[in-house]
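Construct all of the structure, not just a fragment, from the sequences and the given hints.
Residue numbers (the working numbering), protein chains in the order written: chain A, 1 to 356; chain B, 1 to 331; chain C, 1 to 352.
None of these hints come from the bench; they were simulated from the model. Cβ atoms here follow ideal geometry from the backbone N, Cα and C, with glycine treated the same way. Some clues are possibly wrong.
[Unchecked claim] Which chain C residues stay away from chain A? Per the calculated CB distances, all over 12 Å, these:
1. 65
2. 104
3. 165
4. 308
5. 316
[To be verified] Just some of the chain A residues that point at chain C, by a computed CB distance under 8 Å:
6. 30
7. 33
8. 253
9. 254
10. 255
11. 262
12. 271
13. 273
14. 276
15. 281
16. 284
17. 352
If you want the building blocks of each chain, they are given just below.
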Amino acid sequence: MTSTPTTAGDPSGPGATGAPDPADPAGSGRAWRVARYVAGRLTTAAVSLGAVVVAGFFLFRILPGDPVRAMTEGREVTAEQREELRRQFGLDEPLWQQFLDYAAGLLRLDLGTSFQYREPVAELILDRLGSTVLLAGTGTVVAALLGLFLGARAGWRPGGRGDRVNTAVALFFWSVPTFWLGLLLIVFLASGRGFVPGLFPTGGMVDPGTDGVLETALNTAWHMVLPVITMVAVIYAQYLMIMRSSLMDEKGADYLTTARAKGLRDTLVRRRHAVPNALLPTVTLVFLNLGQIVSGVILVETVFSWPGLGQLFYSGLRVPDLGLVQGLFVVFAASVILMNLLADMVYPLLDPRVRP
Amino acid sequence: MSAPAGTPGTPEAGGTDRAGEADGATAPASPGALARRRRREALRRFAREYARNRAGLFGLAALLAIGALALTAPLLVDQADLTITGAPGTAYQPPSAEYPLGTDNFGRSVLDLVVWGSRVSLTVGFLATAVSVLLGTLVGMTAGHFGASGGTAGRIVSSALMRVTDWFLVLPTLVLAVALAAVLPRGTGTIIIAIGLTVWPATARLVRAQTLAVEARPYVERARALGGGHAHVMAWHVLPNVMPVVLAQTTLLVATSIIAESTLAFLGVGDPTTVSWGGVLEAARNAGAISSGIWWYMVPPGLAIALVALSFTLCGRALESVINPRLREQR
Amino acid sequence: MTSLLDVRDLNVTYRTGGGDVPAVRGVDLALDPGDTLGLAGESGSGKSTVALALLRLLPGTAGVTGEVLLEGENVLDMRWGRLRAVRWAGASIVFQGAMHSLNPVRRVGDQIAEPMAVHGTVPAGEAPARVTALLEQVGLPHSRSRDYPHQLSGGQRQRVMIAMALACEPRLVIADEATTALDVMIQAQILALLRRLVAEHGIGMLMISHDLSVLSSTCDRVAIMYAGRIVEQGPAPEVVHEPAHPYASALSAAFPRIGDPASRLAPRGLPGDPPDPADPSPGCVFRPRCAVAEAVCAAVDPPLWPVDPDTEGASTRQAACVHVGPARPLGAAGSGGVHAAPTANPTEEKRP
Numbered sequence: 001m002t003s004t005p006t007t008a009g010d011p012s013g014p015g016a017t018g019a020p021d022p023a024d025p026a027g028s029g030r031a032w033r034v035a036r037y038v039a040g041r042l043t044t045a046a047v048s049l050g051a052v053v054v055a056g057f058f059l060f061r062i063l064p065g066d067p068v069r070a071m072t073e074g075r076e077v078t079a080e081q082r083e084e085l086r087r088q089f090g091l092d093e094p095l096w097q098q099f100l101d102y103a104a105g106l107l108r109l110d111l112g113t114s115f116q117y118r119e120p121v122a123e124l125i126l127d128r129l130g131s132t133v134l135l136a137g138t139g140t141v142v143a144a145l146l147g148l149f150l151g152a153r154a155g156w157r158p159g160g161r162g163d164r165v166n167t168a169v170a171l172f173f174w175s176v177p178t179f180w181l182g183l184l185l186i187v188f189l190a191s192g193r194g195f196v197p198g199l200f201p202t203g204g205m206v207d208p209g210t211d212g213v214l215e216t217a218l219n220t221a222w223h224m225v226l227p228v229i230t231m232v233a234v235i236y237a238q239y240l241m242i243m244r245s246s247l248m249d250e251k252g253a254d255y256l257t258t259a260r261a262k263g264l265r266d267t268l269v270r271r272r273h274a275v276p277n278a279l280l281p282t283v284t285l286v287f288l289n290l291g292q293i294v295s296g297v298i299l300v301e302t303v304f305s306w307p308g309l310g311q312l313f314y315s316g317l318r319v320p321d322l323g324l325v326q327g328l329f330v331v332f333a334a335s336v337i338l339m340n341l342l343a344d345m346v347y348p349l350l351d352p353r354v355r356p
Numbered sequence: 001m002s003a004p005a006g007t008p009g010t011p012e013a014g015g016t017d018r019a020g021e022a023d024g025a026t027a028p029a030s031p032g033a034l035a036r037r038r039r040r041e042a043l044r045r046f047a048r049e050y051a052r053n054r055a056g057l058f059g060l061a062a063l064l065a066i067g068a069l070a071l072t073a074p075l076l077v078d079q080a081d082l083t084i085t086g087a088p089g090t091a092y093q094p095p096s097a098e099y100p101l102g103t104d105n106f107g108r109s110v111l112d113l114v115v116w117g118s119r120v121s122l123t124v125g126f127l128a129t130a131v132s133v134l135l136g137t138l139v140g141m142t143a144g145h146f147g148a149s150g151g152t153a154g155r156i157v158s159s160a161l162m163r164v165t166d167w168f169l170v171l172p173t174l175v176l177a178v179a180l181a182a183v184l185p186r187g188t189g190t191i192i193i194a195i196g197l198t199v200w201p202a203t204a205r206l207v208r209a210q211t212l213a214v215e216a217r218p219y220v221e222r223a224r225a226l227g228g229g230h231a232h233v234m235a236w237h238v239l240p241n242v243m244p245v246v247l248a249q250t251t252l253l254v255a256t257s258i259i260a261e262s263t264l265a266f267l268g269v270g271d272p273t274t275v276s277w278g279g280v281l282e283a284a285r286n287a288g289a290i291s292s293g294i295w296w297y298m299v300p301p302g303l304a305i306a307l308v309a310l311s312f313t314l315c316g317r318a319l320e321s322v323i324n325p326r327l328r329e330q331r
Numbered sequence: 001m002t003s004l005l006d007v008r009d010l011n012v013t014y015r016t017g018g019g020d021v022p023a024v025r026g027v028d029l030a031l032d033p034g035d036t037l038g039l040a041g042e043s044g045s046g047k048s049t050v051a052l053a054l055l056r057l058l059p060g061t062a063g064v065t066g067e068v069l070l071e072g073e074n075v076l077d078m079r080w081g082r083l084r085a086v087r088w089a090g091a092s093i094v095f096q097g098a099m100h101s102l103n104p105v106r107r108v109g110d111q112i113a114e115p116m117a118v119h120g121t122v123p124a125g126e127a128p129a130r131v132t133a134l135l136e137q138v139g140l141p142h143s144r145s146r147d148y149p150h151q152l153s154g155g156q157r158q159r160v161m162i163a164m165a166l167a168c169e170p171r172l173v174i175a176d177e178a179t180t181a182l183d184v185m186i187q188a189q190i191l192a193l194l195r196r197l198v199a200e201h202g203i204g205m206l207m208i209s210h211d212l213s214v215l216s217s218t219c220d221r222v223a224i225m226y227a228g229r230i231v232e233q234g235p236a237p238e239v240v241h242e243p244a245h246p247y248a249s250a251l252s253a254a255f256p257r258i259g260d261p262a263s264r265l266a267p268r269g270l271p272g273d274p275p276d277p278a279d280p281s282p283g284c285v286f287r288p289r290c291a292v293a294e295a296v297c298a299a300v301d302p303p304l305w306p307v308d309p310d311t312e313g314a315s316t317r318q319a320a321c322v323h324v325g326p327a328r329p330l331g332a333a334g335s336g337g338v339h340a341a342p343t344a345n346p347t348e349e350k351r352p
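Encoded structure:
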């Protein structure tokens with residue numbers, strides 16, 4: 001796929017060593033290569049994280065000109081209050097000093113203070129991290145399974161009926177704004193005012209007064225139905241399209257003819273040979289698009305009042321509480337970078353050709 | 001992909017490179033006339049191929065209709081009806097003959113709002129796309145060109161540009177756009193910049209890949225050997241060949257930008273003084289239309305966004321499949 | 001005695017947007033157990049299509065007619081279940097370009113063992129031992145079974161392909177350009193390996209190559225294809241060294257022979273391009289490129305005909321040319337015919 005087979009000069013007799021792999025696969029050379037690979041990826045991630053830190057500072061301290069004015073937009077504030085805010089956020093100090101304070105704070109996991117909640121941003125985030133991970137994780141897993149499954153079917157017979165229906169549905173959901181789909185679900189399935197009674201709650205995570213582990217779990221699951229449907233509907237389409245085109249690229253591959261010649265059933269040819277190869281580019285793209293899951297979860301939480309980071313972000317925007325928004329910006333960006341780092345570590349397990 | 005390579009009966013798919021292949025040059029016409037005729041023929045072939053894609057035709061027709069609606073909106077809608085004080089009806093009237101899509105919480109016609117909203121949504125969609133395509137093409141071509149033929153310094157510039165691109169590509173687009181829109185002064189210009197500055201990386205990657213492919217062609221090598229400078233090679237050889245890919249990408253990006261605009265408006269960082277589809281949805285939510293089940297306030301603006309985004313997507317995919325015959329065969 | 005493989009009037013036509021394109025036209029082949037048959041021709045002549053058609057591996061756009069009798073059973077009208085059972089267990093294929101014919105993300109040992117599991121020829125517990133034995137047969141250490149294809153050299157990959165082809169002990173092995181991507185030294189090793197395996201196991205082998213010298217050193221009989229038809233077939237030494245059909249002689253001349261300075265100093269190519277398979281013009285398809293074409297060649301499309309009807313063993317050697325058939329114009333044997341101007345490539349390339 002990536003490398004052309006170069007055969008000239010390769011010894012091929014018994015015991016001869018193959019091209020890239022020396023005879024000793026467990027030797028110290030391999031450990032060294034693995035270490036170098038990991039170190040390289042860690043460096044890249046660290047540089048990216050550094051860039052996020054700088055971007056956070058630039059976006060929220062320099063770009064607005066006067067952060068205090070941006071923070072207090074639309075409110076009556078006296079000059080003394082402004083000065084007080086300025087001192088409180090250290091804005092009276094020189095820029096470089098501000099940056100150093102901010103960066104040092106980040107190292108101590110101090111993301112600043114929320115203007116609106118009068119609490120450390122890090123604590124606010126920690127409180128809500130779990131519910132966001134629950135929602136985003138469930139949504140992503142369901143969307144990935146559904147998208148990859150349908151994409152593999154559609155891409156195996158491109159142009160067929162199943163493909164046309166699947167692609168059309170996916171494109172429609174892809175074109176629909178996430179938040180609107182969520183609003184529609186609330187109007188029609190939860191508000192109780194439409195054509196059907198309110199089957200699901202309009203928002204929140206757990207009804208107040210619910211106790212007991214099992215009851216809480218069930219109640220949470222009930223609250224999760226509509227948010228997860230919304231997330232999945234919008235996200236699965238891209239997985240489907242990526243998997244579909246990736247499988248279509250593999251369809252003409254020679255090793256599939258080999259598999260057919262071996263007497264494998266069509267479904268086995270697809271599952272055992274085509275899909276594992278088509279998964280490789282898919283996984284890369286899925287991780288590259290993780291940012292869209294963050295976007296999705298912000299909107300879904302906003303629409304469904306899900307008490308997570310997305311809703312926190314929205315509340316910070318409404319005030320506006322730039323300290324909170326800044327902290328969340330850094331956390332969102334950093335989490336995507338860390339997930340990509342994880343992908344870099346996992347990818348070689350899937351593709352033997354890129355194993356260090 | 002219908003048969004393994006080397007199988008008879010499948011002459012290699014030649015003629016995909018419509019850029020620089022002279023075919024015989026039989027007519028004794030002047031070079032200019034020849035070039036014009038060839039361009040006309042290419043255009044006609046392009047139109048014919050596009051017309052074969054039914055979904056693409058549907059998208060194109062829908063876009064033309066919506067575009068006409070947006071342009072003629074001042075004739076169809078009385079702007080005074082869109083102000084809160086000049087609202088013609090009473091609040092929350094369900095759809096009727098007078099108000100085909102009902103009224104909002106101030107008594108404004110939802111149909112009027114949706115028709116008028118198309119202007120802002122389309123404008124922002126197009127301008128934000130223009131910003132991001134310009135930026136993406138510039139970055140992608142520079143990275144591709146100097147990566148291919150710029151020596152050591154060029155390769156450093158190229159890989160630095162791609163690092164930046166990858167960084168932007170990985171970052172959560174919405175978070176960045178919202179942050180930009182939140183810290184800059186409110187207004188349509190801010191929205192355009194916020195979207196334009198965040199969705200360009202995909203274009204840059206695509207353009208870079210295409211640039212590298214073009215630079216590997218023999219006639220570019222020839223142009224360089226004849227003393228063509230960087231600007232000459234990029235403007236005369238790379239750009240014309242990158243344009244088709246950019247065109248398809250642009251069409252797809254407009255869909256993304258329109259959705260992004262509505263999302264920003266919905267999150268409350270849009271321009272509060274204009275009527276846009278996302279803004280209408282935000283107003284609907286703030287007015288409590290969701291929990292009271294006022295569906296006619298909610299459904300039309302969202303459907304309009306979905307229809308426009310879907311149309312642009314269908315057009316973009318049709319263009320893509322015309323430009324890239326390999327995709328066409330598989331579809 | 002039934003032949004191992006008996007192909008009768010095989011026709012393959014690709015249905016494309018621009019009409020039907022015949023790729024194989026009326027091919028007859030026969031192969032007995034323990035024999036090796038070579039199939040030669042330039043790229044696009046239809047030889048790989050024949051190979052894939054034997055196990056019905058062609059894409060859905062290909063229409064196949066005729067009969068492919070594998071040990072008396074027609075492959076072309078088998079049910080799917082029977083066909084799957086025949087694939088690999090009855091006849092296996094060593095594909096060209098083993099880099100792409102092996103799945104890049106699965107260990108080669110698993111890929112060799114896969115057909116055994118599919119066909120149930122070897123109990124699951126014994127599969128690893130059998131893989132080891134197969135690898136040893138093709139001269140690879142058993143440790144290689146844990147490798148991925150990209151970790152092997154081209155020759156090693158081709159050996160893996162051969163081991164895989166032998167996994168279910170098929171009666172027929174089809175080697176489709178099995179040595180083409182290899183350099184000369186490795187090529188010689190692989191050919192020797194194939195010869196040894198044919199002799200040891202008594203399997204029949206259909207060997208497909210564009211390289212006549214490869215076939216002449218390996219095969220008992222050789223058939224030469226041009227534009228989807230067999231234009232000459234017979235015992236390998238005769239066809240290679242004394243070709244009767246003008247195309248066969250051109251093909252033979254294209255490979256310089258060791259010890260023949262004349263051929264080395266004057267390697268003859270062939271003017272023009274292979275014909276467009278979609279072009280339905282009558283007459284001999286080789287005519288536009290033929291140095292000895294005559295007026296009659298534009299009208300007659302000659303069938304295969306015994307080359308020396310008077311001598312013994314006449315039925316074994318056939319060619320499709322007016323110069324050898326009954327349509328032979330008087331006094332036009334051999335060279336000296338009217339030279340038809342080699343017309344340019346009949347039609348421009350068409351996209352499939």
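Verification of the hints:
1. With a cut of 12 Å on Cβ distances, residue 65 of chain C stays outside the contact zone with chain A, its closest approach being about 21 Å.
2. At roughly 6 Å, the least C-beta separation between residue 104 of chain C and chain A is not larger than 12 Å, which violates its mark as non-interface.
3. Some Cβ of chain A comes within 12 Å of the Cβ of residue 165 of chain C; the nearest lies about 9 Å off, and the non-interface call is violated.
4. Residue 308 of chain C, annotated as away from the interface, keeps every beta carbon of chain A farther than 12 Å; the closest lies near 39 Å.
5. The beta carbon of residue 316 of chain C is kept farther than 12 Å from every beta carbon of chain A, the shortest such distance being approximately 31 Å.
6. At its closest, the beta carbon of residue 30 of chain A sits 12 Å from a beta carbon of chain C; the interface hint therefore is violated under the 8 Å criterion.
7. Given hint, residue 33 of chain A at the interface with chain C, is violated; its Cβ is 14 Å from that chain's nearest Cβ, farther than 8 Å.
8. Annotation: interface hint on residue 253 of chain A holds; nearest CB of chain C at approximately 7 Å, less than 8 Å.
9. Interface hint status for residue 254 of chain A: upheld, as the beta-carbon distance to the closest one in chain C is roughly 4 Å, under 8 Å.
10. Checking residue 255 of chain A against chain C by beta carbon gives a least distance of about 4 Å; that is within 8 Å, so the hint holds.
11. The closest approach between the C-beta of residue 262 of chain A and any C-beta of chain C is roughly 4 Å, which is under the 8 Å cut-off, so the hint is satisfied.
12. Hint status for residue 271 of chain A: violated, given a least beta-carbon distance of 12 Å to chain C, over 8 Å.
13. Restraint check, residue 273 of chain A versus chain C: the minimum CB separation of about 5 Å is within 8 Å; hint holds.
14. Below 8 Å, beta-carbon pairs count as interface contacts, and residue 276 of chain A has one with chain C at about 5 Å; its hint therefore holds.
15. Taken as an interface hint, residue 281 of chain A does not check out: its beta carbon lies about 12 Å from the nearest beta carbon of chain C, beyond 8 Å.
16. This hint is violated: residue 284 of chain A has a C-beta 14 Å from the nearest C-beta of chain C, more than the 8 Å allowed.
17. Hint status for residue 352 of chain A: holds, given a least beta-carbon distance of 4 Å to chain C, under 8 Å.
Checked against the numbered hints above, the structure breaks hints 2, 3, 6, 7, 12, 15, 16 and satisfies the rest.
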